[in-house]
Amino acid sequence: MFDLILLSLQVAVIATLINIPIAIYVGWLIGRRNIKGKLILETLISLPLALPPVVTGYFLLILVGREAPLGQLSRFIFGADIVFTWVASAIAASVVSFPLMVRAIIVAMQGVDTTLERSARSLGAGPLRTFFKITMPLCYNGLVAGVLLGFVRAIGEFGATIVVAGNIPGRTQTIPLAIYSKVQLGKDSEALNLILVSTLMAIMTLMVHHWLITRGSKKGAG
Amino acid sequence: MTVSIQLNVTKKYGGFKLVIQTVIGNGITGIFGPSASGKSTLLNCIAGFEDPDGGQITLNSKTVFSSSSKINISPEKRRVGYVHQHSALFPHLTVRQNLEFGYNLTEKYRRVGNLEDIVHLLQLEQIIERGVTNLSGGERQRVALARSLAASPDVLLLDEPLASLDLPFRGFILEKLREISRGWNLDMVYVSHSVSEMIALADSVIVIRNGMKVVEGNASLLLNNSSVADYVDYGSFENILQGVVDGSEDENLSALTIGDVRLITPKLASEKGKQATVSIKASDIIVSKYLPAAISARNILKANIASINHSENPTFIDCEIGGWVLTAAITRQSVLDLGLRTSDEVYLIIKATSVIPMELY
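In order, the protein sequence lines correspond to chains A and B.
Following my numbering, the numbering of the first sequence begins with 1 at its first residue and continues without gaps.
Following my numbering, the numbering of the second sequence begins with 1 at its first residue and continues without gaps.
These are calculated hints, taken from the structure and not from any lab test.
Each hint should be verified, as a subset may be incorrect.
Result set (BS3-like, lysine-lysine): computed pairs, CA atoms no more than 27 Å apart in a straight line [unchecked claim]:
hint, chain 1, residue 1, chain 2, residue 2
1, B, 70, A, 36
2, B, 17, A, 36
3, A, 133, A, 38
4, B, 274, B, 302
5, B, 176, B, 281
6, B, 289, B, 274
7, B, 108, B, 70
8, A, 133, B, 281
9, A, 38, B, 12
10, B, 70, B, 17
11, A, 133, B, 108
12, B, 281, B, 351
13, A, 36, B, 12
14, B, 267, B, 302
Produce the complete structure using the sequences and hints provided.
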């Protein structure tokens with residue numbers, strides 16, 4: 001069971017780490033800039049939230065499958081396939097959890113008063129310094145809350161993962177997939193342990209998330 | 001007069017259009033006008049927060065914006081300080097860190113004052129290590145001003161910095177602004193719709209309305225005259241009166257002699273026999289055709305109507321009292337109901353608390 005938890009954490013952590021910089025950038029684009037095609041971008045990034053995860057998994061299979069360009073590229077560079085590996089699990093978890101993370105970050109960024117950024121600029125700070133010294137710290141709580149929400153979604157990912165990474169014990173089987181297999185095989189008591197672990201992890205993450213959100217609103221910043 | 005800022009900008013916003021061509025000289029220049037007249041947009045264009053649709057902006061002979069030459073210097077390189085109405089302090093930093101933000105970004109050779117001098121000037125010693133979220137309104141604006149000064153700007157823009165402050169705090173900041181303007185030789189552009197702030201502070205004033213410059217010139221000459229009725233909001237026209245302090249009435253009230261009139265005012269700090277200036281809002285003056293009896297107001301002044309400006313509602317009425325003029329603003333309906341005409345005898349009713357001592361400014 002320990003290996004199972006470790007693999008699940010590995011997949012979720014990698015997925016979250018891939019998402020953070022992209023989510024911050026997209027969050028800034030949507031929350032802070034007046035760009036054209038905002039509606040299209042917002043729809044696109046939220047799509048995995050609205051689609052059945054199995055459908056998302058199918059699209060990913062088209063993108064990274066053995067015959068797909070990305071799959072061939074991987075074989076050319078690494079000499080290995082993406083599909084049915086833990087990398088595919090991480091990609092699936094990343095795509096499915098991205099909307100939750102980015103939406104929290106957009107809200108946090110929209111909450112930052114533009115006059116603060118303007119003040120920083122008139123005090124001599126360029127756009128990058130203003131972003132890292134003013135915008136980011138002020139939406140820090142919202143940012144961490146978004147990251148946690150994304151992480152908890154990534155660790156629970158099932159539908160897209162099973163399509164693109166399969167359910168291979170020791171290779172791509174994460175906690176939710178293992179629970180599914182054990183219930184299917186009638187090993188309810190083994191499943192129960194895993195259910196307990198994943199429930200505890202979810203509760204802990206959500207409590208930290210809640211604490212961050214309320215702390216943020218008390219401080220009046222992000 | 002050496003030129004400080006040269007402006008020639010146009011900017012469109014839905015139905016609103018800002019078209020300003022003017023030269024802002026050294027010292028403190030007031031930008032005066034009613035709300036939504038384009039004052040803040042103008043400051044934002046100078047600071048680089050908003051881009052004009054066309055035109056040119058020159059700061060101390062350096063072009064910072066030019067639509068024809070495609071020049072648009074970013075805000076952080078314009079060396080323009082900006083004090084916002086709501087101070088805009090960085091909430092995640094302490095007072096000291098707020099001040100250090102711009103100070104540390106300023107090259108050493110450009111620094112006009114060191115941080116401790118600025119802290120001392122604005123009396124921030126007591127709060128320097130505190131966070132900014134629990135400061136009072138007056139403290140916040142002092143920190144905001146100090147933070148701008150710490151970045152040693154070439155020009156300081158102030159957007160209604162006193163609008164949300166009580167009178168005593170305003171007085172302190174106005175006094176410091178005058179001190180800084182002279183002592184540091186720092187040019188300032190001060191936006192406000194308060195006549196008394198303009199007269200107390202600005203060397204010259206530019207009046208704008210509906211995005212256009214209406215008139216410019218000396219603040220006290222321009223704004224202490226009811227002909228400004230054409231470009232001030234109802235309620236914002238103020239009578240600025242100078243007189244001689246005639247002692248105290250009681251512990252809360254003083255008296256001021258202006259010509260033959262003895263005006264009861266709130267407690268004045270100036271001693272008996274000294275000159276003092278007060279301001280009375282035109283909209284705070286009640287006009288009566290008959291001598292009112294049993295009334296709580298401390299001042300009932302007999303006057304003759306010198307002129308009635310019918311062009312606007314409310315109507316501005318200039319009343320002559322022993323050689324000087326007091327302007328009242330009343331509704332057009334009141335003028336009709338009372339049948340007021342030029343040279344009519346009227347009584348002007350003014351509460352002592354409606355007389356604002358300018359020494360607070």
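Now for the hints, and whether the structure bears them out:
{"no.": "1", "hint": "70(B) / 36(A)", "result": "23 Å, holds"}
{"no.": "2", "hint": "17(B) / 36(A)", "result": "24 Å, holds"}
{"no.": "3", "hint": "133(A) / 38(A)", "result": "26 Å, holds"}
{"no.": "4", "hint": "274(B) / 302(B)", "result": "25 Å, holds"}
{"no.": "5", "hint": "176(B) / 281(B)", "result": "25 Å, holds"}
{"no.": "6", "hint": "289(B) / 274(B)", "result": "34 Å, violated"}
{"no.": "7", "hint": "108(B) / 70(B)", "result": "31 Å, violated"}
{"no.": "8", "hint": "133(A) / 281(B)", "result": "45 Å, violated"}
{"no.": "9", "hint": "38(A) / 12(B)", "result": "23 Å, holds"}
{"no.": "10", "hint": "70(B) / 17(B)", "result": "21 Å, holds"}
{"no.": "11", "hint": "133(A) / 108(B)", "result": "21 Å, holds"}
{"no.": "12", "hint": "281(B) / 351(B)", "result": "11 Å, holds"}
{"no.": "13", "hint": "36(A) / 12(B)", "result": "20 Å, holds"}
{"no.": "14", "hint": "267(B) / 302(B)", "result": "23 Å, holds"}
Hint compliance for this structure: hints 6, 7, 8 are not met, and every other hint is.
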